[in-house]
Amino acid sequence: MALSKEELKDAIEEKAKKSPKPQLYIKDFYACDPDTKPRDMKNVANEMVREGRLAFWSSGSTTMYGIPSRIQNEEH
Amino acid sequence: MAKHETPLLDQLETGPWPSFVTDLKRQAETKPECWDILGILELSYKDRITHWKHGGIVGVFGYGGGIVGRYADMPKQFPGVEHFHTIRVAQPASKYYSTANLRQLMALWEKHGSGMTNFHGSTGDIILLGTRTENLEPFFWDLTHDMGQDLGGSGSNLRTPANCIGMSRCEWSCYDTEEACHHLTMTYQDEIHRPAFPYKFKFKFSGCPNDCVAAIARSDISVIGTWRDNIRIDQAAVKEYIAGNYPSNGGAHSGRDWGKFDIEKEVIALCPTNCMWMEGGELKIDDKECTRCMHCINVLPRALRPGADQGASVCVGAKAPILDGAQFSTLILPFIKVTKDNDFEELIEFIEKVWDWWMEVGKNRERVGETMQRVGLPTFLSVMGVEPIPQHIKEPRSNPYVFWKEEEVEGGFERDIREFRARHAA
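Sequences listed follow chains A and B, in order. One point on numbering: in the working numbering, the residue at position 66 of the first sequence is 66, and numbering is uninterrupted. One point on numbering: in the working numbering, the residue at position 216 of the second sequence is 216, and numbering is uninterrupted.
These are calculated hints, taken from the structure and not from any lab test. Certain hints may be false.
So these bits of chain B aren't anywhere near chain A, every CB distance computed over 12 angstroms [claimed, not checked]:
(1) Gly15
(2) Val68
(3) Thr99
(4) Gly155
(5) Asp190
(6) Ile231
(7) Leu331
Using 30 angstroms as the maximum straight-line C-alpha spacing, the simulated DSSO-like pairs for lysine-lysine come out as follows [to be verified]:
(8) Lys37/A / Lys363/B
(9) Lys3/B / Lys53/B
(10) Lys337/B / Lys284/B
(11) Lys405/B / Lys37/A
(12) Lys9/A / Lys363/B
(13) Lys5/A / Lys353/B
(14) Lys76/B / Lys21/A
(15) Lys17/A / Lys363/B
(16) Lys21/A / Lys363/B
(17) Lys337/B / Lys260/B
(18) Lys9/A / Lys37/A
(19) Lys37/A / Lys21/A
In this text, a Cβ means the ideal position worked out from N, Cα and C, and glycines have one as well.
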């Protein structure tokens, strides 16, 4: 059964916090809930960016997601 | 007065062509940070390594694309390029500009950035090179509020869709490329401005198989105008070309004397499928053999025109440096109607089917053409619900492995071995 939106957000945040890498691809979040469709997953991840729980990191060709403080530490 | 010594770059100014070094020096007279571009590039030539740091978290609020972070790794030595972010501005359909619009955009970029531009990037966007993080939001506000323009796509987003000039100026366009491009741009605003995919995704719209926007070479979904009836022939105009009264190729090669026009040599013999011939003084075409190369139509534009039953072919999966080298997109839908009458419903349905599959099956940083290549065309066609046709096959008989499904075999895989052996002795 698919997680609720809030449960999914918590699972995504947890994964982004615990991951050894500060930046994750959108596909890395698919495992948080295999029942959530990819397009719904990206909508949730983008909503979390608007809320400040995640941040985008872009190379120009690819975009990744991460916890804002972790990415900022990596940048400096 | 130069801020840095640049002997290596100075050599680039000595050639016969206009030099970007000269341009940068001129720009540095009003934008001193441009001296630091020259300085850091000179150092890179000496060190044989880039001093740019790639990527970052910069952007404008609510958008996940359109800004590409760039930083120098020696900010103390080159403070002018400590931040040097790139901004991608969506180009107007067909790249129709008014000079007033261009002047306003340049004034805006002089105010908020380095003044350096690239018209246009490979995707088609206007590229504005070099600004600091704190300038991004003010620039974005002015661009959207004062000019009514928007950022383009970057990162794992749908990139700014591009189209040829289409019906606005070209009589060969088989559908309204500008309308299609505009409609899909507005439909997919979320996908353009916020990352949605495992990697970048592009679609481009060409009105006819001349493919002036190079959709087949550069886009994940190429929508290329075509027709499914016969090439329209004006036999009287054919005679005028043969008599030398009309210039071939619309006079495009008239700067030199190529001799008398020879329809056999210049048109019929160059048809890749040999589907044309002269009979009783008239040009004949076996249209079912036509591969839409457009050569005859290009050479005889007053005599030949695309057919009247018009639409588009949809090809999927182009990418420049793919596994085996550059790859054109592969024909998937030979013909669909592309029209605003049904809000491009057929095209949109296909695009979303491709996306749903690729978002699930595609690997990180894998373009849809690479995913297709990995799983094979038969699997892709099956997932898309497209019946295979001969045009899907690049070359026959090169792959001996044909995997039938049970439902495709009459009687299935079960058989009576005794009955079989009665007819075929072991």
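Next on the checklist: What's the verdict on lysine 9/A and lysine 363/B, does the C-alpha distance respect the 30 angstroms limit or exceed it?
Outcome noted: Status holds; Cα separation ~23 angstroms.
Next on the checklist: Beyond 12 angstroms on every Cβ pair: is that true for glycine 15/B relative to chain A?
Outcome noted: Non-interface label on glycine 15/B holds, nearest chain A Cβ at 29 angstroms vs cutoff 12 angstroms.
Checklist entry - Does lysine 337/B pair with lysine 260/B here, judged by a C-alpha cut-off of 30 angstroms? => result Violated, at about 41 angstroms.
Checklist entry - Does the alpha-carbon distance linking lysine 3/B and lysine 53/B stay inside the 30 angstroms limit? => result holds, 22 angstroms
Item to check | Given hint lysine 363/B paired with lysine 37/A - CA-CA distance at most 30 angstroms | outcome: holds, 16 angstroms
Checklist entry - Given the proposed pairing of lysine 5/A with lysine 353/B, does the C-alpha separation stay at or below 30 angstroms? => result holds, 24 angstroms
Checklist entry - Taken at face value, is the distance from the CA of lysine 37/A to the CA of lysine 9/A at most 30 angstroms? => result At roughly 14 angstroms apart (the allowed maximum being 30 angstroms), lysine 37/A and lysine 9/A satisfy the hint.
Next on the checklist: Hint check: lysine 76/B vs lysine 21/A, CA-CA at most 30 angstroms. Holds or violated?
Outcome noted: The given pair, whose Cα atoms are some 29 angstroms apart, holds under the 30 angstroms limit.
Checklist entry - Should the label of isoleucine 231/B as a non-interface residue stand, given a Cβ cut-off of 12 angstroms to chain A? => result About 41 angstroms separates isoleucine 231/B from the closest Cβ of chain A, which puts it past 12 angstroms; holds.
Item to check | Distance rule for threonine 99/B, whose beta carbon must clear each one in chain A by more than 12 angstroms | outcome: Holds, since 30 angstroms exceeds 12 angstroms.
Checklist entry - Holds or violated: is the Cβ of glycine 155/B farther than 12 angstroms from all Cβ atoms of chain A? => result Check fails; 3 angstroms does not lie beyond 12 angstroms.
Item to check | Pair hint outcome, lysine 405/B versus lysine 37/A [Cα-Cα no greater than 30 angstroms] | outcome: Judged against 30 angstroms, a Cα distance of about 28 angstroms means the pair holds.
The structure shown violates the earlier hints numbered 2, 4, 5, 17.
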